[in-house]
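Colleague: Residues per chain are reported as follows:
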Amino acid sequence: MTALLEIRGARRRFATPEGGHIAALDGVDLDVGGNEFVTLLGPSGCGKTTLLRAISGFEQLDGGSVRLDGADLGALPPFRRPLNTVFQSYALFGHMTVARNVGYALEVRGVDRATYEREVGQALEKVGLSGMGARKPSQLSGGQRQRVALARAIVAKPRLLLLDEPLSALDRNLRQQMQLELKDLQHRLGIAFVFVTHDQEEALTMSDRVVLMRAGRIEQQGSPRDIYRRPRSRFVAEFIGETNLFSITVERIEGGLAVGRTAQGLALWLPAAGLRPGQSAVAALRPADFTLEDGDIAGQVSRSVYLGSDLHLFVRPNAGGPEIRVTARDRAGAPEVGTPVSLGYDPAAAHVLEEA
Amino acid sequence: MQSRLGWAVLTIVAVLFFVFIYAPLLVIVVTSFNANPVNMLIWDGFTLDWYRGLLGLGERATDVSNRALYIESTDQLLAAVRNSLTVAAATTAISTVVGTATALALARHRFKGRGVYSGGLLLPMMMPDIVLGIGLLIFFVTIGMQLSLLTIIIGHCTFLISYVYLIVQARLAGLDPALEEASADLGASEWTTFRKVLLPQLAPGILGGALLAFVISMDDLVITYFIAGTGSTTLPVYIFGMIRRGVKPEINAIATMIILASILIAALGLWLRSRKTD
Numbered sequence: 001m002t003a004l005l006e007i008r009g010a011r012r013r014f015a016t017p018e019g020g021h022i023a024a025l026d027g028v029d030l031d032v033g034g035n036e037f038v039t040l041l042g043p044s045g046c047g048k049t050t051l052l053r054a055i056s057g058f059e060q061l062d063g064g065s066v067r068l069d070g071a072d073l074g075a076l077p078p079f080r081r082p083l084n085t086v087f088q089s090y091a092l093f094g095h096m097t098v099a100r101n102v103g104y105a106l107e108v109r110g111v112d113r114a115t116y117e118r119e120v121g122q123a124l125e126k127v128g129l130s131g132m133g134a135r136k137p138s139q140l141s142g143g144q145r146q147r148v149a150l151a152r153a154i155v156a157k158p159r160l161l162l163l164d165e166p167l168s169a170l171d172r173n174l175r176q177q178m179q180l181e182l183k184d185l186q187h188r189l190g191i192a193f194v195f196v197t198h199d200q201e202e203a204l205t206m207s208d209r210v211v212l213m214r215a216g217r218i219e220q221q222g223s224p225r226d227i228y229r230r231p232r233s234r235f236v237a238e239f240i241g242e243t244n245l246f247s248i249t250v251e252r253i254e255g256g257l258a259v260g261r262t263a264q265g266l267a268l269w270l271p272a273a274g275l276r277p278g279q280s281a282v283a284a285l286r287p288a289d290f291t292l293e294d295g296d297i298a299g300q301v302s303r304s305v306y307l308g309s310d311l312h313l314f315v316r317p318n319a320g321g322p323e324i325r326v327t328a329r330d331r332a333g334a335p336e337v338g339t340p341v342s343l344g345y346d347p348a349a350a351h352v353l354e355e356a
Numbered sequence: 001m002q003s004r005l006g007w008a009v010l011t012i013v014a015v016l017f018f019v020f021i022y023a024p025l026l027v028i029v030v031t032s033f034n035a036n037p038v039n040m041l042i043w044d045g046f047t048l049d050w051y052r053g054l055l056g057l058g059e060r061a062t063d064v065s066n067r068a069l070y071i072e073s074t075d076q077l078l079a080a081v082r083n084s085l086t087v088a089a090a091t092t093a094i095s096t097v098v099g100t101a102t103a104l105a106l107a108r109h110r111f112k113g114r115g116v117y118s119g120g121l122l123l124p125m126m127m128p129d130i131v132l133g134i135g136l137l138i139f140f141v142t143i144g145m146q147l148s149l150l151t152i153i154i155g156h157c158t159f160l161i162s163y164v165y166l167i168v169q170a171r172l173a174g175l176d177p178a179l180e181e182a183s184a185d186l187g188a189s190e191w192t193t194f195r196k197v198l199l200p201q202l203a204p205g206i207l208g209g210a211l212l213a214f215v216i217s218m219d220d221l222v223i224t225y226f227i228a229g230t231g232s233t234t235l236p237v238y239i240f241g242m243i244r245r246g247v248k249p250e251i252n253a254i255a256t257m258i259i260l261a262s263i264l265i266a267a268l269g270l271w272l273r274s275r276k277t278d
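For the record, the sequence lines run as chains A and B.
The first sequence begins at 1 in UniProt numbering and counts up by one.
The second sequence begins at 1 in UniProt numbering and counts up by one.
Isolated chain A, as found in the complex (with noise of 0.2 Å):
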């Protein structure tokens, strides 16, 4: 099977103010599928405005390849790239109505008058919008500025769609409602999403394939559940949800676990695939793999963040080293300051980064 969007060996260099040069894009592969919500996730800086501005065309890159359907893009001005795109501003015309912006792609094209009202009806329909079609942008909230946005970019229907930080502007409801929506929407359009983000929330949420980058290059993809349980190196897994990592040293093997101990003494038991003994290792433990009674961490809970259904709790091992987060369910007798408490987890549950 061939990916419908394949980059090869991107580059893209930028002069910094002080003359030297930046790396904004180091040698990017990625392939898209014909029908995958594939989110480009990082800090900012890390190239996914790069890259997506890349296969948008309004970028050019100084070296490697962008192909879509097999066809190089690499010669291609942004207004003849079969792709369309959502902005983080919108970038909607003010000075026309909703449904002539909807229709933009479609005026320009010179379709038939027909042909113009049944798409233009159909994109608004989709995004629910109907009847809105004779207002003007500044006359609509910013939940259906996004959606004017999104049905300008789908009424060509293009094969792939690229979305730049499209949810940023929204307060937090009516994102997490617009996640759900997209993520319906692409289904049901049965085309690839390119969509940029920093919010590692939002990636989870909606994604086939998360490729997190960093410093102009992929550190890890893969699906949410693998990045968030499996995550290669120290950066992905402090970036990618809440976690705690702890730097040991393998003591020993015993069957299939290995125990580590930490340089403060407090021992852990791990999956032993490919640990040895003596060498040292990262392990990541999220929050969420304790229990507070019957392991063998002992410590203090140290503080308490109450979260409305979950309580966070930050406990001190007895051992010493870093405090330990946990997340526990919020129920009566919740554990105050200065209990004490001893975490247990399932050691299948620890993950050991491939990278320190």
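Since the hints were made in silico from the structure, they are not lab data.
Keep in mind the model is a prediction, meaning the values are calculated, not measured.
Where is the CB? At the ideal position from N, CA and C, for every residue including glycine.
Among the hints, erroneous ones may be present.
What the hints assert, rightly or not - To list a few chain B residues with every Cβ distance to chain A over 12 Å, as calculated:
1. Val9
2. Ala35
3. Asp44
4. Pro124
5. Val141
6. Thr142
7. Glu181
8. Phe226
Stated by the list, open to error - Straight-line distance between alpha carbons at most 20 Å, and here's what the computed SDA-like set of lysine to any residue pairs gives:
9. B:Lys112 x A:Phe14
10. A:Lys126 x A:Lys157
11. A:Lys183 x A:Glu165
12. B:Lys112 x A:Pro17
13. A:Lys136 x B:Pro204
14. A:Lys136 x B:Leu272
15. A:Lys157 x A:Arg188
16. A:Lys136 x B:Pro200
17. B:Lys112 x B:Ala101
Following the hints, complete the assembly by docking chain B onto the known chain A.
Modeller: Here is chain B on its own, set in the frame of chain A:
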């Protein structure tokens, strides 16, 4: 209590401010209807004679009257108005197109010498009119160009392009660059984007620049005085010539008509703008 006092003071200041601005204009309008031909500060009854005289509607038989010394003929005045309108229309058209194109080029393209170019554009605006006027005169004489309406148009364009550039550029700076990208992304060529997105978005700025250029061109005396040839006298130069031979009532009538025309143009501009934002 104190706030009521403050409010009263504020009101008085505001009223004085508007009196300060508009009183001279009001004086001119009132005196243009004063029948006293010698001392315009003494009210001698209401008359439309000065307007009739200007528009050639008066009894022309009494051309021997001292008035004839000042208004040699209505035709001259009308010729001056026609010259002014011609110059202003041509200047507005040229400087609006060139100024807008310059603003677009400087905002959207990076090229060598861009900084020098944009800085150099502001210089003619800051230059004293008299310096610009003398400079233009010497220039035209040096290259052997006959002073005419054309030299006035060229002279006005040298600094009005800067005005239009500045206004359009300010509007352009406030425009989201993503608008043009969105248009391109949706399949529009650069020209289509200019026509369908950029031009409508910039229209209020371009219109504002054009109106300003028109008004300044109509109004310019100092520069025009140097570069206007015989037979290409504009209205301000003509009025200035009349005043040198004494302030006469007809001048008040001309001034009043100019005020009326300016108000109409300004109202038109405001109306067009308010229509845009609907």
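Colleague: Each hint: holds or not?
Modeller: Hints and how they fare:
1. Val9: holds, 39 Å
2. Ala35: holds, 53 Å
3. Asp44: Fine: 55 Å to the nearest Cβ keeps Asp44 of chain B off the interface.
4. Pro124: holds, 32 Å
5. Val141: Per Cβ check, Val141 of chain B is outside 12 Å of chain A; nearest 48 Å; holds.
6. Thr142: holds, 45 Å
7. Glu181: violated, 6 Å
8. Phe226: Given that every Cβ of chain A is farther than 12 Å from that of Phe226 of chain B, nearest at about 43 Å, it holds.
9. B:Lys112 x A:Phe14: Holds, because 19 Å separates the two Cα atoms, which is no more than 20 Å.
10. A:Lys126 x A:Lys157: With Cα atoms ~12 Å apart, Lys126 of chain A and Lys157 of chain A stay inside 20 Å; holds.
11. A:Lys183 x A:Glu165: holds, 14 Å
12. B:Lys112 x A:Pro17: Within the cut-off at roughly 17 Å; holds.
13. A:Lys136 x B:Pro204: holds, 18 Å
14. A:Lys136 x B:Leu272: holds, 18 Å
15. A:Lys157 x A:Arg188: Holds, because 12 Å separates the two Cα atoms, which is no more than 20 Å.
16. A:Lys136 x B:Pro200: holds, 14 Å
17. B:Lys112 x B:Ala101: holds, 17 Å
Of the hints listed earlier, the one the structure fails to meet is number 7.
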